Amino acid sequence: MSTATRAPEPVVDYGEVLKKYDPVMGLEVHVELNTVTKMFCGCATGFGAEPNTQVCPVCLGLPGALPVVNVAAVESAIRIGLALNCEIASWCRFARKNYFYPDMPKNFQTSQYDEPIDFNGYLDVELGDGSRFRVEIERAHMEEDTGKSLHIGGATGRIHGADHSLVDYNRAGIPLVEIVTRPIVGAGARAPEVAKAYVAALRDLLKALKVSDVRMEQGSLRCDVNLSLRPKADDAGAQDDVPLGTRTETKNVNSLRSVERAVRFEMTRHAAVLNSGASILQETRHWHEDTGVTTSGRVKSDADDYRYFPEPDLVPVAPTRERVEELRATMPEPPSERRRRLQNDWGYSDMEMRDVMNAGAVLLIEESVAAGATPAGARKWWMGELARLASVEGRDLADFGVTAIYVAELDAMVAAGRLNDSMARQVLDGVLAGEGSPVAVADARGLQLVSDDGALSAAVDAVIAANPDVADKVREGKVQAAGALIGQVMKEMKGQADAAKARELILEKLGAS
Amino acid sequence: MTSDITRASAAELADRLFRKEISAVEATQAHLDRIDAVDGSVRAFLHIDAEGALATARSIDQRRMAGEELHILAGVPIAVKDIATTKGLPTTAGSRILQGWIPPYDATIVTKLKAAGMPILGKTNMDEFAMGSSTEHSAYGPTHNPWDLQRIPGGSGGGSSAAVASYQAPLAIGTDTGGSIRQPAAVTGTVGCKPTYGGVSRYGLIALASSLDQAGPVSRTVLDAAMLHSVIGGYDPMDSTSIDAPVPPVLEAARRADVKGMRIGVVKQLGGDGYQPGVRARFEESVQLLVDQGAEVVEVSCPSFDYALAAYYLILPSEASSNLAKFDAMRYGLRVLPEGVDDPSAEQVMAASRDAGFGDEVKRRIILGTYALSSGYYDAYYGSAQKVRTLISRDFAAAFEKADVLVSPTTPTTAFKIGEKINDPLAMYLNDIATIPANLSGIPGISLPSGLADEDGLPTGIQILAPATKDERLYGVGAALEAALVRRWGGPLLAKAPELSTTATGREVRA
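For the record, the sequence lines run as chains A and B.
For the first sequence, position 60 matches number 60 in the numbering used here, and the numbering has no gaps at all.
For the second sequence, position 14 matches number 14 in the numbering used here, and the numbering has no gaps at all.
This is chain A alone, in the form it adopts within the complex (with noise of 0.2 Å):
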């Protein structure tokens, strides 16, 4: 999917970049609902079915059909706004946004325009450095995802240069929530880290209302960064005055690093278009997960004319106040209260908890210990091998290919006495490589620590056959010289046997014990 097409834009450095300017940025993320059904229509929205399978005569957008509002999408866009502490609209209206696109069956979205379901609301997200940062939100609206387009042949894996294009209308009609934010300023240095919180927040209230999958890597939740920087006011205090510079869109930054990563590079390169006198052009951009860059897209202007009108097959949507009150009483509990519950419920540390939060681990250790993990095991893993992995990997904890269950299954295992750590992290790579469950790979693999006593107390006699001289010692009662037999027995066990129980066969056999 790279682009090598053209020569990497110049950067800065980034301690350079806040000598000068001020950061400004926009997150637009996109919440793909987990309604049974589509928007506006009866169809199934399960995630990889095949092609061109769960579609009507209304995804599709066939000459008469009829959108009808689901009304479970409109209640999961009402909680999403509760959330997020927003108004909610008593009455707003659907409407379409009319443009051209292959993958748009009726050439025009139907989404909401100047009425929001949600509007004026805000996430407070907790930083690396335990410090809290208030992100506004201007609103959330609701919307109908759009098909999806696979471009065969060309260098790019884009639209321009395929050969042909292949198009699936699954997706087409599924209910979306576009969470909007007001500009976020006085990030400063901290932007990049702002952004990956703000939307590690955001993943995990809409886990906890239930309301999405949001499996960043599935495009469940889509996120596009806007960043613009302004020269930096001399006086701290004036910085808000200081008008904001052209922006520019990176589309589809679907994981959290690369949010991260994206908000980050978008501000070296800004730097360096400013500093050599040239100016921003507003257009949308591409981020490019394998390299770190992004690179020039559509060019963009406020001139962009979708002629939105209120959408006339559909009737406004006018939730009663009874309805939104009854929804509000569904919240999940505050984030933050959330936290104190399961860092007390885990017995974790301060600076524990604050890792897990910050690896964004916190829902994948709350999943696991469900599952049956001890959180002691949970973290273990999540926080050690598999953080280790995922960054060999450069992918987000919860994307790249282990599951809480099998972590809480893998945990049971070396809990119970099966798997030692060293061979947990064989499993773990079996996991990765696609071999299957934990427990699945250890059986493949034939991991297993010996517990048959007949076959390690065989192995304990021959060590003690092969080496007299370490056996003397250790009847003489130089125990520390059962570790050199210990040895021998792991290694004739070919590592599958408990060490701690060699050591007490070996020390019972000599009369040591």
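No wet-lab data here; the hints were simulated from the structure.
Please note that a few of the clues may not be correct.
[As the list claims (entries may be wrong)] Far from chain B, by Cβ distances over 12 Å, these chain A residues were calculated:
1. 120
2. 164
3. 415
4. 507
[Claimed, not checked] Calculated pairs, BS3-like style, for lysine-lysine (alpha carbon to alpha carbon, straight line, at most 25 Å):
5. B:268 to B:387
6. A:20 to A:97
7. B:387 to B:112
8. A:501 to A:473
9. A:97 to B:387
10. B:363 to A:97
[As the list claims (entries may be wrong)] Here are some, though not all, of the chain B residues that point toward chain A, as calculated from beta-carbon distances under 8 Å:
11. 89
12. 210
13. 348
14. 350
15. 379
16. 429
Quick caveat, the model's predicted, so the values are computed rather than measured.
By construction, the Cβ of each residue, glycine as well, lies at the ideal position given by its N, Cα and C atoms.
Based on these hints, arrange chain B on the given structure of chain A.
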């Protein structure tokens, strides 16, 4: 015998079918024979489904023989405007861009016709995407008025009105966005009703202007229209704008045919200058007949109607420009590759297909609508038009304080000659000056024959309008007036229409 069958009203046919005096197959075959004989010159149909219609008829006959209780209209054949999707039957909306498209689903009203056991004879011609008042804008050639084949049968539903007027079908489905049921009815001497917006499901009707479109019955008598209205009306969960209430008691009202004590409002703005003298004369006589039957006449003023046409020609193109965007050659319909382009992009194929597939009137309205919705113009055009719409609804509300129904001539003139107005869009648009306000306000309206204009001997129509959801008033007043007029004429107006020459050569199936 055959001509006897095709001259019968739907109510008479239904009665004879019920009494087993004729079979559904006979009724259907008689109409297919009539189509074969006269549609070569009328050209009301774009597609004829003889096989499907006869299969339905046979099934109805078997079920009737088996003693099953059937719908009152079971076995009565019907023609459907080509704007309604019909599973397995071509549906083009009169456009080249949908040539060859076979829908995979039935419009809700088609499902209802099928459930009632009504054989569908075929799909009728129309102005492309219902844009027009003459059926000349059909990509498949014009339909001819059975009263004078050199003249237009009205539009957009000229195929349905001509089919019914020439006894090719006792009933037909029409759709009315600004008069496309009522105006064709007026100029062909037939009856057409536009129900209250939301009274009949729009699901499966190819949208012209979503906030204005409404399907309704086309027939030769008011009672027949009421019978068909009862079949197709009612709530549809597939159409969010459909009214969740029972169908108004239209059949009862048509049978009662009573206007005693009703207040009839004559709309000052719909008549007078610009209306042909013969049209006005027949209208005034009709009003007098209502008075003779015990109705009271009042004059009402609806000053905002002066802006109705202008508002309509902003709202309709705006919605249409968006509704017609889906015709992009990506999934169905005509696909044309641009000339001289080796490796065309999707956008180039869309542009070439739309250029080749849409006619001039469609392009004109897409351009108008695109402009009216553009940022910077939206408030001045679309926004202002919506305000006019509100004012028109207020005028209607005030008028219905004074009157139970409103009346006007349906059209300013009788049928004009084919080709006469085709190059003058504004003159064409003026045909709907009296019918458009009802669509803008969502209220129901019916047109029925009021006589023949003295100057040209062609049919004239009277329009009756009622408050939203009070559709039954149209039928009560309409049936009473119809009875009085038929007494005066000594028979139905259509009996005065010239006999069409019949040819055994039949007609080729187009589309």
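Original post:
So which of the earlier hints does this model not fit?
Top reply: 2, 6, 7, 11, 13, 15, 16
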